[in-house]
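Peer 1: In order, the protein sequence lines correspond to chains A and B. Going from the first sequence to the working numbering is simple: count from 1 and add 1269. Going from the second sequence to the working numbering is simple: count from 1 and add 96.
Source of the hints: derived by calculation from the structure; they are not laboratory data. Only a predicted model underlies this, so the values are computations on that prediction, with no experimental measurement involved. One should not assume that every hint holds.
[Unchecked claim] With a straight-line Cα cutoff of 25 Å, these simulated SDA-like cross-link-like pairs (lysine to any residue) come out: (1) B/K130 / A/W1534; (2) A/K1674 / B/K302; (3) B/K302 / A/W1534; (4) B/K98 / A/K1674; (5) A/K1600 / B/L202; (6) B/K333 / A/W1534; (7) B/K98 / B/G112; (8) A/K1600 / B/K302; (9) B/K130 / A/H1460.
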Amino acid sequence: MNVNEISQQKIDTSCRVPLLALFGGAALWLVVGLTLSIIASLTFHAPQMFADCPLLTYGHAQPAANDAILYGFCIPAALGVMLWIFARLSQTELVLPLVPVVAANIWHLGVFIGLIAILIGDSTGFMWLEFPRGSSVLLFAAFLLIAVSAVATFGQRKERELYPSHWFLLAALLWFPWIYSTANLLIESGHPVRGVTQAVIGWWFADNLIFVWLALVGLGVAFYFLPKLGERPLQSSHFALFVFWTLMIFGTWCGIPQGAPVPAWLPALSSVASGLTIVPLIVIAIIFVKTVCGANTNCKGGPFCYIKFGTVAFLLSTLMLISSGCPHFSKIVEFTWFGPAQTQLQILGFFAIVICGAIYELLPRVMGFELPFPKFVRVQHWLFMLGIILLVVSLAIGGIEQGLKNYSLESSLPFLRVSTTGLLFLLLGSLLFAANIFVMTFKWKLALIKSVVAYIKSPLETAEVKS
Amino acid sequence: MKNGFSVFIAAFIALGASWCGFVLAPVLQLGTAKQTTILVSGDTYPVQRTGDATLGLQVYRANGCTACHTEQIQQDGVVFDVVLTAAGKNPVVVSNLISTLKLTGLTKEAADSANDKITTVGGKVETHLIPTGRDIPRWGIRRSVATDFLYDSPVQLGSQRIGPDLADVGARLGNADWQLLHLYAPQSVVKNSGMPPFHFLFETKKIGDAPSPDALNLPKEFAPPAGYEVVPTTEAKQLSAYLLSLRADVPLYEAPFTPAQVSTNVPAK
């Protein structure tokens, strides 16, 4: 083992505790979120099911499921991956490693309080902002703490030149606190803004979180792992810079639905912006094809496959977003299942898969031992792929059908049943993910306890020998 | 992108621009919105909801009704109908002329020219403005506009129509008993409804000395066992009051239409 490998190992080890704290809770929330999603979709199979149980009716379970997956899984898991990438790119150990550990616990506590609040009817009533004030404050504080550790690690970097992933991830660190504080202060505070302005800010927030933030982080992670796993440099960083600028500039203006009861310039501007988003999309496709096609890695359902699938899902979900910004097509699909299909493709098909792939790649290095169930990685990849295709394709076609048939629920019911099957596959996959993370954490804790016990025992023994 | 600071500036400029556009500008444009006047009648609109209805909005929010229902009626455009109100001195000429003209679903220009032709032969006509779109008249009369939501917090526009739009439900289905029956057992009033029943907003209790005046009048297959009655809780009554208060049925400057005329032949009730 040369000096280089030892220092690499030190860097990985420094991330161990914060990453476990972030990933452990995230894996749990992914399982909880998908379970709630299935419970919510049961309403379409048997509407009477939860007549006497307010906690689990569709209006409670569906927002809780969405938030559990986005705030519970996506964001903390991504923050963990970000910390590791910052440490690796900086070639330095994680700075202030205890801060993200504390932050991870605050974050997961916030998610827990928020989910309970939604289930007992304390949601704020705004999509993606359902968490009540107390829980939002916890999430905001936790994010800032993790950002402090990430930026401090970034500041210690040995190589001054920035890598493309740096741009995307640093921008994401600024993006979330800004949009989250704006939305919460203006909508959820004691004196919220008036009338439809609330809705406009809600849409602005949702677009900036689900489209822009997830894209920044997901692409930042993909641009780190695709060249690494494909053993071929990113093609090229000039294109990546172009994507970085155009994605931020156009992406942040999408999100106001066509035909919303607001001044007409707002949806018109959004429509233009979502049309222009095709520009970064084409360049991302070029980067992806040029980087991946030359790679001679056979992925066999491993992390490389995860990240490839995720990037393709991003391209498709953005195409869906652009299409629903077209005035003619939006007339058909507005208010139908097409919207949730796009969101699920973005969150589960793109982001969750990229992050799961990244975690499977980095976790064995961080922990210093192999995954307990390496075969699950491949099985989960197939389950996720199948689940996402069933879920998204059925919802998208069901949405168009529903739109063409004047929003009749009966026309979309068969598609909703298929989508429940998709969710079941996703839940199975997430159980495998959780099993890997939890068993790994358990093994590590067991080893830790053993070494502590050994440490306590050893001085006693020497003392006895001496006497 | 040479250093972290330039990345920060880039993100700041991009997000700052959209913050000014989609947060600051709407706050400036709509934040000081005031009540407006209804076309024709000149009354003030909107008026604050009643206390029960305001509390009902919170029940609506708490139960996540917005996951399945929107409160925004969409409109494609408007058409004009020309309606004859008096035939004048030459009824035969006017009726002959009318039989050759298209009088419904016209553009503004076509309506004006028809109007001119009929007026020149002595008939009296009115031009009616009629909004069009697939939500109209099924769910409402005109499109929803920002003014409709002036007093709501949280504004529950919704994004999905798993169930029908509710922007004008108070005008469409304005009966409190119907609303309560529908909340307790949707299938009892709407066949094949996919809406889940909200039993937890009601109380099933033993009938005391006399049946409660609030008890629901349920059809047999949805009724509680003999000797029991279903009584709405306060929350159910507030929610129903809120639903009844949802009305977007007055013509406004930004969403004009010609209100249906009350026929003067019918004696006032």
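Peer 1: Now tell me, hint by hint, if it's right for this structure.
Peer 2: Verification of the supplied hints:
Distance check on the hinted pair: B/K130 and A/W1534 sit about 20 Å apart at the alpha-carbon level, within 25 Å; holds. At roughly 45 Å between alpha-carbon atoms, A/K1674 and B/K302 are farther apart than 25 Å, so this suggested pair is violated. The hinted pair formed by B/K302 and A/W1534 fails the criterion: a straight-line CA distance of about 58 Å is larger than 25 Å. Note on B/K98 and A/K1674: the hinted pairing is violated, with a Cα-Cα distance of about 54 Å set against a maximum of 25 Å.
Of the pairs offered as hints, the one joining A/K1600 and B/L202 holds, with about 22 Å between alpha carbons and a cut-off of 25 Å not exceeded. A threshold of 25 Å between alpha carbons decides the hint, and for B/K333 with A/W1534 the separation of about 39 Å lies outside it, so the pair is violated. At most 25 Å may separate the alpha-carbon atoms for a hinted pair to count; B/K98 and B/G112 meet this at roughly 21 Å. For the proposed pair A/K1600 and B/K302, the alpha carbon gap of about 51 Å is over 25 Å, so the pair is violated.
Distance hint between B/K130 and A/H1460 is fulfilled; the C-alpha atoms sit about 17 Å from each other, no more than 25 Å.
The structure fails hints 2, 3, 4, 6, 8 (numbered hints given earlier, in ascending order).
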